[in-house]
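*Asks:* One letter stands for each residue in the lines below.
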Amino acid sequence: MSNVEYKDQETYLYENAQEKLYHAESHGTKEIWRIFGLLSVITVIDILLYFILPVSMGRNILFIALGIVKAVLIVGYFMHLKHERVNLILTVTVPMMFVVFFIIAMLYEGNFWSTFNH
Amino acid sequence: MSSHSVATTNTDNVWAGGKSPFNVSYGKLMMWIFLLSDAFTFSALLIGYGVTRFSAVGDTEFPWPLPDMVFNHFPFAHGIHLPLFFVSLMTFILIFSSVTMVLAVEAGHRKAKDEVAKYMFLTILGGAAFLGCQAWEWAQFIGDGATLGYNHFALSADGETKANGLSLFSHIHWEEVDRISGARGFSALFFIVTGFHGFHVFSGVVINIITYINVKRGLYEKRGHYEMIEKVGLYWHFVDLVWVFVFTFFYLI
Numbered sequence: 015m016s017n018v019e020y021k022d023q024e025t026y027l028y029e030n031a032q033e034k035l036y037h038a039e040s041h042g043t044k045e046i047w048r049i050f051g052l053l054s055v056i057t058v059i060d061i062l063l064y065f066i067l068p069v070s071m072g073r074n075i076l077f078i079a080l081g082i083v084k085a086v087l088i089v090g091y092f093m094h095l096k097h098e099r100v101n102l103i104l105t106v107t108v109p110m111m112f113v114v115f116f117i118i119a120m121l122y123e124g125n126f127w128s129t130f131n132h
Numbered sequence: 079m080s081s082h083s084v085a086t087t088n089t090d091n092v093w094a095g096g097k098s099p100f101n102v103s104y105g106k107l108m109m110w111i112f113l114l115s116d117a118f119t120f121s122a123l124l125i126g127y128g129v130t131r132f133s134a135v136g137d138t139e140f141p142w143p144l145p146d147m148v149f150n151h152f153p154f155a156h157g158i159h160l161p162l163f164f165v166s167l168m169t170f171i172l173i174f175s176s177v178t179m180v181l182a183v184e185a186g187h188r189k190a191k192d193e194v195a196k197y198m199f200l201t202i203l204g205g206a207a208f209l210g211c212q213a214w215e216w217a218q219f220i221g222d223g224a225t226l227g228y229n230h231f232a233l234s235a236d237g238e239t240k241a242n243g244l245s246l247f248s249h250i251h252w253e254e255v256d257r258i259s260g261a262r263g264f265s266a267l268f269f270i271v272t273g274f275h276g277f278h279v280f281s282g283v284v285i286n287i288i289t290y291i292n293v294k295r296g297l298y299e300k301r302g303h304y305e306m307i308e309k310v311g312l313y314w315h316f317v318d319l320v321w322v323f324v325f326t327f328f329y330l331i
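Line by line, the protein sequences give chains S and R.
Under our numbering, residues 15 to 132 are what the first sequence spells out, in order.
Under our numbering, residues 79 to 331 are what the second sequence spells out, in order.
Don't read these hints as lab results, they were simulated from the structure.
For glycine and all other residues, C-beta sits at the position ideal for the given N, C-alpha and C.
You may find that some hints are simply not true.
Just a few of them, taken from the derived set where beta-carbon distance is under 10 angstroms, the chain S residues facing chain R [stated by the list, open to error]: (1) Y20; (2) E24; (3) I46; (4) F65; (5) K84; (6) R99; (7) N101; (8) P109; (9) F112; (10) L121; (11) W127.
Use the sequences and the hints to build the structure in full.
*Replies:* In structure tokens, the structure reads:
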């Protein structure tokens, strides 16, 4: 560790561990534009699929899958979570398992309501 | 306050204090925790939407309206069937404002005050443009007769045949299309979920304006770092992230 003295811990982190997220590992602005390109292409694919494919469950699953890809790009690169420490990544992502459980539970319930009502 | 080196001490023992086990500041970690809780809130709203819609399958009395036949307006193109066009524009505005936000964060790490201010300003413009679009979208929705508990956007069997004959860019004559009351939850969930998201965008714009003023005043320059831009940026990207799913569930599916 360097002998440079920092005003407070916030400044120390900003200048060291956090600084690496933006320069050493993410190559400045080049990567930002690359991710923007990917997000735009996926959105255009979404729009094209909407007009080309007929309405079906498969199409819906495809839209959700593309949505998850976009979410991973935004969280991973724009919010720099991918380059953070593993314990921070796990703190944020693991609790999202509850959402997965919630989706499964509510789809099951929604299906029951549907057969119950009609 | 005297300047002291909290961080340069205790290099050997992580548990002796004075070190961040997450390598992020307290403020940034708490922003992540807040966003996690906000993600749960939006998940609950979207799953609530999903289950309501799923349970409406097969309902012939109050069918679920086709988004294709509801969100098909575009400014200055009245009466023309343009599904998904306007909302795609909104999506691109929000993605682009996310890009300018991340460019502001990057400029902050180079301590380039003017660049940070420029990109923050562009982000505020993007957010304001998105809010304007959403206001227009709501105005159309309400103007078409939607209220929190009622809408007449579903199609009768006869109306559906006519709607199937509609192609992109063709003119709609609503008086010829037979529309009936749709599922109650359709307009209620649209107002609540897009409204809750829109409120997040609004508060994001307000926070962005405050940080923009602080950048201009030289507050972060004096502080020695632009970490506030990073924290505000996390919130702004989250708003964009939620829109990805609102766009998917409300408009695409």
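*Asks:* The structure should be examined with respect to each hint, and the outcome stated for every one.
*Replies:* A quick look at each hint next to the structure:
1. Y20: holds (6 angstroms)
2. E24: holds (5 angstroms)
3. I46: holds (5 angstroms)
4. F65: Status holds, d = 7 angstroms.
5. K84: holds (5 angstroms)
6. R99: holds (5 angstroms)
7. N101: Constraint on N101(S) satisfied, holds at 6 angstroms.
8. P109: Holds, because the Cβ-Cβ distance from P109(S) to chain R comes to roughly 6 angstroms (cut-off 10 angstroms).
9. F112: holds (7 angstroms)
10. L121: Nearest chain R Cβ about 6 angstroms off; hint holds.
11. W127: holds (4 angstroms)
Taken one by one, the earlier hints all hold for this structure without exception.
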